[in-house]
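Engineer: Each chain is listed here by its residues.
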Amino acid sequence: MIEPLDVSSLPALPAPMWFIQFFKVLGFILHMIPMNLWLAGMILAVFFSRWQGSPRRWAVRLGRQMPIIVAFGINFGIVPLLFIQVAYPWAFYPATILTAWFWLAIIALLIIAYYGVYAFAFGLNDEERPLPAWRLLAGWISAGVFIVIAILFSNGLSLMAAPERWKFIWFSNQVAGAATGTGHNFGDASLWHRWPMVFGMALMTTAVWSLVDAVFFDKRGTLEYRRWLAKFSLLIGIVGAVVYASAGTGYVFGTWPKSVFSYMWSDWRLPLTLFTGASPGLVVATLLWIRYRGVSQGPVLLASLAQVIVLSTNAVSRQLVQNIELTPLVSLNQLATKPDWGPMALFLVSFAIGVGIIAWMLQQVVRAERSQVEQ
Amino acid sequence: MHYPWWYVPVLTSPMLIAVIAVLHVLVAHYAVGGGLFFAVETSFAYRTGNREYLDYLRRHAPFFILLTVVFGAITGVGIWWTIGLASPLATEVLIRTFVFGWATEWVFFVIELTAAFIFYYYWGRLAPRTHQIVAWIYAAAAWISLVLITGITAFMLSPGRWLESPSFWTGFFNPQFLPQVISRTGGAILLTSLYVYLHSSLLLPVGEVRSLIVRRSTRPAFVGAILITIGGIGWLLFLPESARLALEAAAVLTVLTTLIFALTVAVFVLLYFGPYRNPGWMTPGFAASLLLFGIAAFSTGEFIREAVRKPYVVYGVVLGNQVLEEEVPELRRNGFLQSGRWTRAYVIEHYPQVVGEEREEKKIMPEKLLALPESDRRHLGQVIFMHHCNDCHAAESGYSAVGPILFSRPRPMLVDMIRHLHETHYFMPPWSGTPEEAELLADYLLTLAPERPRGIYPSLEKLENQP
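Sequence order for the protein chains is A and B.
FYI, the numbering used here numbers position 357 of the first sequence as 357, with every residue one higher than the one before it.
So the mapping is simple: the numbering used here equals the position in the second sequence, first residue as 1, plus 1000.
Please keep in mind that the hints were generated in silico from the structure rather than gathered at the bench.
None of these values were measured; they are calculated from a predicted model.
Positions of the beta carbon are idealized from the N, C-alpha and C atoms, including for glycine.
There could be a bad hint or two in this list.
[Unchecked claim] Only some residues are given here: those of chain B computed to face chain A with a beta carbon under 10 Å:
1. P1004
2. V1077
3. W1102
4. L1113
5. Y1346
6. E1349
[Claimed, not checked] Every beta carbon over 12 Å from chain B, so not counted as near; a handful from chain A, in silico:
7. E128
8. P130
9. L191
10. F216
11. D218
12. K231
13. S266
14. S296
[Said to hold, decoys possible] To be clear about the criterion: a stretch of chain B counts as covered by chain A if any three or more of its residues have a C-beta under 8 Å from a C-beta of chain A, and this derived list gives those stretches:
15. 1060-1073
16. 1084-1097
17. 1114-1124
18. 1130-1139
19. 1160-1173
20. 1376-1385
With these hints in hand, go ahead and build the complete structure from the sequences.
Structural biologist: Structure follows, in structure tokens:
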């Protein structure tokens, strides 16, 4: 099913492609931060929740934050999905319909995982009391389900960018030409490289977030805790970078088709590709610095910036690869555009007002925190 | 026609939308009404210095968060997920038309979420005035979300001037916009009172605080009920003509409309004699009954709202079977199988003998379809059924199954009915294929139809059996 689409038959885009892709990438980066934290952080938080001392303290803090992290992660995920459906519905809908039951299962699994997160987090309210077994079990279930969700997500979206696989999956899972929705893309090698890449990034994000939490939110952290945290962050950061680098190497050299490879390995894309692969080194370097210089605001801010760069370069590179992968169906730069300026302005103005309102509310939170510390 | 069709046995895939949507609205309206409830009631409790009432509100907050932020938010995403799977063409049209409406709604959703968490987690740590402002921010953001989504969903029932001059604004401010915003706002307020009754009756002992909560939640409940009535009348007045006719013509809709009227009256009566006149009656059982009546009325209302759109998913634009209304003449000319990207690929792969050669390569030839063996004709009939009919009909058994509907209809009558689908049943989409394809569909449908039960017309049967 790789018959190219007739561009003239496709309706005009309501915004320039660069605008759609900008918000898609921005939304994806915003989504990646909390998503990374629940993907890797939840397993680690559950694992360390029954330990003593600093590991327990770390698990309690991250576990308690997890309900908010999950809420914002889901919320931020809406943006890239919305703009994906604007930019290439002709690829997104077929891929998700062919794998419909797996795709729909994400919703049911997410409800289970999210309630599990609350069950786990509410059990951490009393720092002295050990976590009851059923709450621990709920935590493990959530952590496991989040991993399954990540695989199912990659299953649908990797198929979206692989139209050459549609026909086989469709014909293997159909009744009189109608898709049964039981197809999957688990046979696609790129899926099994991209998923560990994301998990590697998730470990690095968790490492950096733990330091951000210690410096900016944890007012009662002892020096001993911070020392442990610097070591721990470095350890999971290195593990994350190694997983990312190994999986990424396999992804680029083992799964990229020739067309993608020659595109990403030429002109201005070459330094971007190389930098995308090497960027975790920045995070590891800052984590090493923190390990030997101590946990303080400046270096932690630098580590955060480095991790945002890792996530951003990944999102941008992924976008470029996706555009090329979809070329057999449609050349994206040929799509007609008929911008809807009025509603676009409504969105941008609402966005600015929204940012202002949220900033004001966060300011109140900071004030409340400060006054509590002073008291 | 542009997308593959998702076959869900027995239920049909669009019914999954209905299931998830009903579950979602029951919580989503509480998320909006609950915002107003917290804003008004925390302001009242702070103003009057009622610590006990504040304590109750604080205990209500986690219940509210667990239900709305988890179940409500995820099922909301779930609706979006399901419409993309079961109704991709309509979803594409909606998203292209209203992408910035959705994006704006997302902004308010982020505000809502931030405010909800700060309101809950910083209870007792924020100054009372700031705490109240955060509650009002939540309430406003949640209500604006409702308004934005309602503009889009109301468009599906009645696009109004958009059909002549398509733009975001003509589509958004459609004839159904205001009536539905009024009724949904009312629904949010009423449903919240019903949730509060149940929650407070389960958590609090009989006493002053419980009576206060019941009393204070009853007036909003009446206001909600009045808004639902006003919005409902507006909804009825501004319905497209065919939708209004469907309410009278379809027996199930007539029954459900009567049912919703009866349920609304029941909720009204229970509210008046219960919490309004006798707050002491508010036991968990009474509160649960009220909530169940409310949920039943709401679910029925949602079902009717969806059903009257037939034969459209987006009125005047996308037909129930994922065909653009404007495409129908072309489909009749070129063939249903030929015009669909996925049906064409399927036929070319499995039946190369019906595909034209040389200059007409990759063109399915209608006359060749009828030359196929019986079993192949039936199979292609099934392909047409899946893509033309399965949106609303299961096959042999299940949701609105065609087998029992068409039982024992003679073949010529069946073919004629298919070719004049929208003329015989105006809430059915028009036939969108060639006459040859109608024959194939009839071949398949005949395999589904059970025999006519014997003995229902004994005198006629006797007459027919006479030599």
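Engineer: It remains to establish, for every hint, whether it holds in the given structure.
Structural biologist: Here's how the hints hold up against the structure:
Taking 10 Å as the C-beta contact cut-off toward chain A, the hint placing P1004 (chain B) at the interface holds, the least distance being around 5 Å. The interface hint given for V1077 (chain B) is met, as the beta carbon of that residue sits about 7 Å from the closest beta carbon of chain A, less than 10 Å. With its C-beta approaching chain A no nearer than about 6 Å, W1102 (chain B) sits inside the 10 Å limit, and its interface hint holds. Evaluation of the L1113 (chain B) hint against chain A yields a held restraint, the C-beta minimum of about 6 Å falling below 10 Å.
Annotation: Y1346 (chain B) was flagged as interfacial toward chain A, and the flag holds, the nearest CB pair being 4 Å apart, inside 10 Å. Contact between E1349 (chain B) and chain A, as hinted, is supported at the beta carbon level, the nearest pair being about 7 Å apart and thus within 10 Å. Every CB of chain B is more than 12 Å from the CB of E128 (chain A) (nearest about 21 Å), matching its label as outside the interface. For P130 (chain A), the non-interface assignment is confirmed: its Cβ lies about 22 Å from the closest Cβ of chain B, beyond the 12 Å cut-off.
The beta carbon of L191 (chain A) sits about 20 Å from the closest Cβ of chain B, which is more than 12 Å, so the claim that it is off the interface holds. Look at F216 (chain A): its CB is around 16 Å from the nearest CB on chain B, clear of 12 Å, so calling it non-interface holds up. Consistency note on D218 (chain A): stated as away from chain B, and its beta-carbon is indeed over 12 Å from all of that chain's, at 15 Å minimum. For K231 (chain A), the requirement that its beta carbon stay farther than 12 Å from each beta carbon of chain B is met, with the minimum near 30 Å.
Here S266 (chain A) stays apart from chain B, with its beta-carbon at least about 33 Å from theirs, past the 12 Å limit. The claim that S296 (chain A) is not at the interface with chain B holds, since no C-beta of that chain comes within 12 Å of its own (minimum 27 Å). Residues of the region 1060-1073 of chain B with a Cβ under 8 Å from some Cβ of chain A number 5, which satisfies the need for three, so the listed coverage holds. Given a C-beta distance limit of less than 8 Å, the hint that chain A covers the region 1084-1097 of chain B holds, as 8 residues qualify and 3 suffice.
Chain A is given as covering the region 1114-1124 of chain B, and this holds because 6 residues of the stretch bring a CB closer than 8 Å to a CB of that chain, at least three being needed. Here's how the region 1130-1139 of chain B fares: 3 of its residues keep a CB closer than 8 Å to some CB of chain A, so the rule of at least three is met and the hint holds. Counting residues of the region 1160-1173 of chain B whose beta carbon lies closer than 8 Å to any beta carbon of chain A gives 3, which reaches the threshold of three, so the coverage claim holds. Evaluation of the coverage hint for the region 1376-1385 of chain B: fulfilled, as 4 residues show C-beta separations to chain A shorter than 8 Å, against a requirement of three.
The structure meets every hint from the earlier list without exception.
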